[in-house]
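> Spelled out from the first residue to the last, the chains are:
Number of protein chains: 2
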Amino acid sequence: MDPLVEGQVQLGEEESAHCARVLRLGVGGEVLLTDGRGTLASGFLTATEGKRVGVEVTRCGMLPRRQGQRTLLAVAPTKNADRMEWLVEKATEIGCGAIVPLLCERSERGRINGERLKRVSMAALKQSQGAYLPHIYPMMAFQEFVMGVDAIESSIADVESGAVLRAVAHCGEGPRNDLRDVLRAAGNRPLTILVGPEGDFSAGEIALALENGFLPVSLGEARLRTETAALVSVALAGT
Amino acid sequence: MDPLVEGQVQLGEEESAHCARVLRLGVGGEVLLTDGRGTLASGFLTATEGKRVGVEVTRCGMLPRRQGQRTLLAVAPTKNADRMEWLVEKATEIGCGAIVPLLCERSERGRINGERLKRVSMAALKQSQGAYLPHIYPMMAFQEFVMGVDAIESSIADVESGAVLRAVAHCGEGPRNDLRDVLRAAGNRPLTILVGPEGDFSAGEIALALENGFLPVSLGEARLRTETAALVSVALAGT
Numbered sequence: 002m003d004p005l006v007e008g009q010v011q012l013g014e015e016e017s018a019h020c021a022r023v024l025r026l027g028v029g030g031e032v033l034l035t036d037g038r039g040t041l042a043s044g045f046l047t048a049t050e051g052k053r054v055g056v057e058v059t060r061c062g063m064l065p066r067r068q069g070q071r072t073l074l075a076v077a078p079t080k081n082a083d084r085m086e087w088l089v090e091k092a093t094e095i096g097c098g099a100i101v102p103l104l105c106e107r108s109e110r111g112r113i114n115g116e117r118l119k120r121v122s123m124a125a126l127k128q129s130q131g132a133y134l135p136h137i138y139p140m141m142a143f144q145e146f147v148m149g150v151d152a153i154e155s156s157i158a159d160v161e162s163g164a165v166l167r168a169v170a171h172c173g174e175g176p177r178n179d180l181r182d183v184l185r186a187a188g189n190r191p192l193t194i195l196v197g198p199e200g201d202f203s204a205g206e207i208a209l210a211l212e213n214g215f216l217p218v219s220l221g222e223a224r225l226r227t228e229t230a231a232l233v234s235v236a237l238a239g240t
Numbered sequence: 002m003d004p005l006v007e008g009q010v011q012l013g014e015e016e017s018a019h020c021a022r023v024l025r026l027g028v029g030g031e032v033l034l035t036d037g038r039g040t041l042a043s044g045f046l047t048a049t050e051g052k053r054v055g056v057e058v059t060r061c062g063m064l065p066r067r068q069g070q071r072t073l074l075a076v077a078p079t080k081n082a083d084r085m086e087w088l089v090e091k092a093t094e095i096g097c098g099a100i101v102p103l104l105c106e107r108s109e110r111g112r113i114n115g116e117r118l119k120r121v122s123m124a125a126l127k128q129s130q131g132a133y134l135p136h137i138y139p140m141m142a143f144q145e146f147v148m149g150v151d152a153i154e155s156s157i158a159d160v161e162s163g164a165v166l167r168a169v170a171h172c173g174e175g176p177r178n179d180l181r182d183v184l185r186a187a188g189n190r191p192l193t194i195l196v197g198p199e200g201d202f203s204a205g206e207i208a209l210a211l212e213n214g215f216l217p218v219s220l221g222e223a224r225l226r227t228e229t230a231a232l233v234s235v236a237l238a239g240t
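Just so you know, the protein sequences line up as chains A and B, in that order.
Heads up, the first sequence is in this note's numbering, so the first residue is 2 and it goes up one at a time.
Heads up, the second sequence is in this note's numbering, so the first residue is 2 and it goes up one at a time.
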């Protein structure tokens, strides 16, 4: 797509097809557009012939990034790919800054279909009329993520590294506070949260996270699946 | 199944088949059992022949109902049945006292498969090793639910009607507080939450809810699908 500005723009082929075939819009049909980086625009179709649909953008503005849209979710992908796709859909709807698939010692899945997850996320963003598309990273080893988390946090616009509340959710030994209480005490700080595979993080992984400033947290007494724990974290961090 | 007490019990046919074919347990295999009403028991298989498996229950106790397990979720079923099943699965995992499918003015679905939803919920309860199965009510008209909510609240064990925080989530006109803030101010009170269909509650439905002591709430600025709004509410209310 062209850059989002007021005036005439042309949609890309995929979005053009979406307007014509799915939304069944004709000339004059109203559309909302976003670049996934905060810009939300509205306008109407001016041409629907050919492969690329034309839009007259009448209003265009930048939305501020909300609290929940600063959340960095690092999660071990579920064995069942559907559950991961569902998580990406829901996290996008609720609001999330970035999603990092983690390769852990006890991971049940070492590969993800990043393109597919991105498509799921884009569909959810359109459906929910959001303006910030979570960046979905390639699979990253646990250690690599924890050591490089500063850079990833800074890549989420207006998140200052150091100002971020970092937490590792686990069910193992050792003291843990409820994420609800931790978030309440942290006030307006964005959240980076680690969620492990079905078999949980290893003791070594938890120790590494704690050494790197992650607080050990619990999501309550219920025994949650990976994707449920991830979603509850995103929901608690805000929309 | 027999009542859950220490000593010998026989599982029902369905659970017996689950032990034998899915869990592939033989004599001596360890099992956790629940009656879905708070009793959690552990034991081992003593006989696997015939249609009904025998279990020697060695420990048996009643778990207290946690905060989230007192939540009463009244929600308009989604057009897509999968999304409703997904919601029931996740609400059961996180914890929920009862689920009432609501028939609203703008409902897109007037019937549900209650038996199917119950099976989904039981599977989720087993998977998450929970002890309280949310009661899934038959479809109920909005007005009928709002006028009779006292009785349903009291049917969730140890929920005192009057002590319950009642809220209606909507996206319409009028003042609304964020459910996060409302729950925080309410302290330890259980939640009854109304979540509408994709087209939202009608103005008349909202007015009726407010007249009956429901507080108008928002779930944040994101535009959430019905099942997402319901799940965020359940997550915020606690596990």
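Do not take every clue at face value.
Below, a sample of chain B positions facing chain A; criterion: calculated Cβ distance under 7 angstroms [what the hints assert, rightly or not]: (1) Arg-67; (2) Gly-96; (3) Leu-126; (4) Lys-127; (5) Gln-130; (6) Glu-199; (7) Gly-221; (8) Ala-223; (9) Val-233.
Stretch-level coverage of chain B by chain A, calculated; a stretch enters the list once three of its residues show a Cβ under 8 angstroms from a Cβ in chain A [what the hints assert, rightly or not]: (10) 21-32; (11) 224-232.
Okay, the calculated beta carbon distance ranges per label pair [what the hints assert, rightly or not]: (12) B:Leu-211 x A:Gly-51: 46 to 54 angstroms; (13) A:Gln-128 x B:Leu-33: 15 to 23 angstroms; (14) A:Leu-64 x B:Thr-59: 56 to 64 angstroms.
Derived from the structure by calculation, the hints contain no laboratory data.
This one's a predicted model, so the numbers in the text were calculated from it and none came from an experiment.
Where is the CB? At the ideal position from N, CA and C, for every residue including glycine.
> Would you mind marking each hint as holding or not holding in the structure?
Status of each hint after checking the structure:
| no. | hint | verdict |
| --- | --- | --- |
| 1 | Arg-67 | holds (6 angstroms) |
| 2 | Gly-96 | holds (5 angstroms) |
| 3 | Leu-126 | violated (11 angstroms) |
| 4 | Lys-127 | violated (11 angstroms) |
| 5 | Gln-130 | holds (5 angstroms) |
| 6 | Glu-199 | violated (10 angstroms) |
| 7 | Gly-221 | holds (3 angstroms) |
| 8 | Ala-223 | holds (4 angstroms) |
| 9 | Val-233 | holds (5 angstroms) |
| 10 | 21-32 | violated (count 0) |
| 11 | 224-232 | holds (count 5) |
| 12 | B:Leu-211 x A:Gly-51: 46 to 54 angstroms | holds (52 angstroms) |
| 13 | A:Gln-128 x B:Leu-33: 15 to 23 angstroms | violated (39 angstroms) |
| 14 | A:Leu-64 x B:Thr-59: 56 to 64 angstroms | holds (58 angstroms) |
This entry does not satisfy hints 3, 4, 6, 10, 13, going by the numbered hints stated previously.
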